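Engineer: Here the protein sequences line up with chains P and A, keeping their order.
Taking the numbering used here, I'd label the letters of the first sequence as residues 1144 to 1406.
Taking the numbering used here, I'd label the letters of the second sequence as residues 268 to 592.
It is possible that some hints are incorrect.
Claimed, not checked - Non-contacting residues of chain A with respect to chain P, defined by C-beta distances greater than 10 angstroms in every case (computed):
1. LEU318
2. ALA422
3. GLN428
4. GLY490
5. HIS535
Stated by the list, open to error - Here are some, though not all, of the chain P residues that point toward chain A, as calculated from beta-carbon distances under 8 angstroms:
6. ARG1220
7. PRO1251
8. LEU1253
9. SER1254
Claimed, not checked - Ranges of calculated distance between the beta carbons of each label pair, as one might list FRET restraints:
10. A/ARG270 to P/GLY1216: 44 to 50 angstroms
11. P/ALA1208 to A/LEU456: 50 to 56 angstroms
12. P/GLU1221 to A/ALA392: 27 to 33 angstroms
13. P/GLY1176 to A/MET268: 42 to 48 angstroms
In case anyone wonders, no lab produced these hints; they're calculated from the structure.
Note that the structure is a prediction, hence the values are computed from the model and not measured.
Glycine is no exception: its CB is placed at the ideal position from the N, C-alpha and C atoms.
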Amino acid sequence: MSPPRALLQASGLVWRSGERTILGPLDLEVIPGECLAVVGPNGAGKTTLLRCLTGLLRPTRGEIAFAGRSLAGLSRREIARRIAYVPQIRPDHVPLAVEQIVLLGRYPHLSPLQIAPRAQDFAAVEEALRVVGIEDLRGRPVDELSGGERQAVYIAAALAQEAELLVLDEPTLHLDARHQHDLATLLRRLTASQDHTVVLATHDLNLASLLGDRLLALSRGRELATGTPAEILRPEVLERLFRARFEIVRSGERPVTVLDLGA
Amino acid sequence: MSRPRLALLLLLGLWLGTLIGAPLVGSQPISIASVLHGEPTASSIFWQIRLPRILLSLLGGAALAVSGVGFQTLFRNPLAEPYTLGVSSGAALGAVLALRFEGGQLLGLPLVGLASFAGALGVTALIVGLSLRRQGIETPALLLAGVAVSLSCSAIILFLQYLADSTQTFRMVRWMMGGLSVVGYREVLWLAPWVLGGSAALFALRWELNLLLTGEEMAASRGVDLARLRRRVLLATSLMIGALVAVAGPIGFVGLIVPHILRRAVGHDHLLLVPACVLGGGAFLTLCDAGRRTLLSPAELPVGILTALLGGPFFLWLLVLRKRD
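With the hints as constraints, model all of the structure from the sequences given.
Structural biologist: Structure (structure tokens):
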């Protein structure tokens, strides 16, 4: 069987800030329909990697290709029609309603001379609101929502973008247990359906285990290991990755990690 | 009808009301009936003296308010307006230089006006140049460059005033107060294309500006070319402000006051906010102008002084509101 063609492929990827190498050299492939979870400690270069993969940062060296086409040769709009990104850092105050924010996800599909969104744009917005389950919130100012609901709104906006690849940076950061659960359930639904190809960065190993088909362990900008959750979530790998000791328990098929604080 | 759309409709009513009503008030009140019946004195005051001035203030207020919205969204800073960025200071420096060296006319246009137009554009180019980085223009650098250039322009203006004789100094000070005093249709025809074009350009960028409200990284990931957007907003606003300052001098705070009030009425969506600023900014400046013509009649207070007098307390009111939130 020939290997499946990669949707996104990075080769020899390096990103430097001044003299300091933040990322790479790194090779990476994202297969259509899979969920690749990038795990690693703070400062490992996860966000930098995602920003390179979404074309927001231009790599110092190396090449990134989406479905065989170089990212450097695509305009921002052309990239946005293919890759939807939900960044981690957002302004505290966004003075728009839920529906407006989700509709803004349609921007890359609008022609510059278009006066108003078309029926298909509104249909995509409806579909995204429905999939994420936030139809009831549509008229609410996003500033009034909880952190988890807000994250769901931005994921809906990314879905309305109808891109082939969804890239999420720390989707459950700063959420309490219930909101983490709700969001993880939503993401699991998205990743399990095979309609979506997802790359997500997280330092929550259990979220990575729950959602990821493959895990990429990133340490100081380089690949430490890649494999299935069972292959990566092992005490010896995690100890090298985080310099901390872990105990692994099993929940069904998926390994669950617990910090081992010693006796 | 939704509340924002209703507010926009009311603004249109207010705009039309000031267009027709404002030329009737002043040191000599006239009635609409006498104008419609073609009474010579009333008609001449209405059509020849007051209407061009009202049209100029409607256009000028629109330029100031729309530029204010453009800058505030671009810099994600509620206090940004043409004055914060030094665009007006550049224009003032140009005008003061022309006054110092007794500028006459060039190609039939007053040199003072041309020099201030050039000053506005020159300062914009300078601050963009100063804030250019490898990854494009950086917003914090742009804001800092604007403040620094603005302060330098003010210092050079003071220096030029010190060197000038008393007549020149008086003219400079009077010019910097901003006013719509000697105005005919020529100024209106000069200003209209810049303001209408600039406002249309910002309206056309409403999707990009809305996306900026969700953050620069989000906007870029949705397909907005941030560097190009910044260039376009800066170009549109500096052309509008330069053209206005050339005929009316610097008029402060309108770009700050009007967008803040209008956001409360129509919300932050630029689809409604930009048209609201065209209407509301114009009506606001026209009402200020009508106010200053009647308040101290027959002495005429420059409108720039009145807007500045309103601007200070408004700033404080904003601060108090924020504190309470």
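Engineer: So, for every hint listed, does it hold in this structure?
Structural biologist: Outcome of the hint check:
no.: 1; hint: LEU318; in the structure: holds (32 angstroms)
no.: 2; hint: ALA422; in the structure: holds (35 angstroms)
no.: 3; hint: GLN428; in the structure: holds (42 angstroms)
no.: 4; hint: GLY490; in the structure: violated (3 angstroms)
no.: 5; hint: HIS535; in the structure: violated (4 angstroms)
no.: 6; hint: ARG1220; in the structure: holds (4 angstroms)
no.: 7; hint: PRO1251; in the structure: holds (4 angstroms)
no.: 8; hint: LEU1253; in the structure: holds (7 angstroms)
no.: 9; hint: SER1254; in the structure: violated (11 angstroms)
no.: 10; hint: A/ARG270 to P/GLY1216: 44 to 50 angstroms; in the structure: holds (46 angstroms)
no.: 11; hint: P/ALA1208 to A/LEU456: 50 to 56 angstroms; in the structure: holds (54 angstroms)
no.: 12; hint: P/GLU1221 to A/ALA392: 27 to 33 angstroms; in the structure: holds (30 angstroms)
no.: 13; hint: P/GLY1176 to A/MET268: 42 to 48 angstroms; in the structure: holds (46 angstroms)
Consistency with the previously given hints fails for numbers 4, 5 and 9, ordered from lowest to highest.
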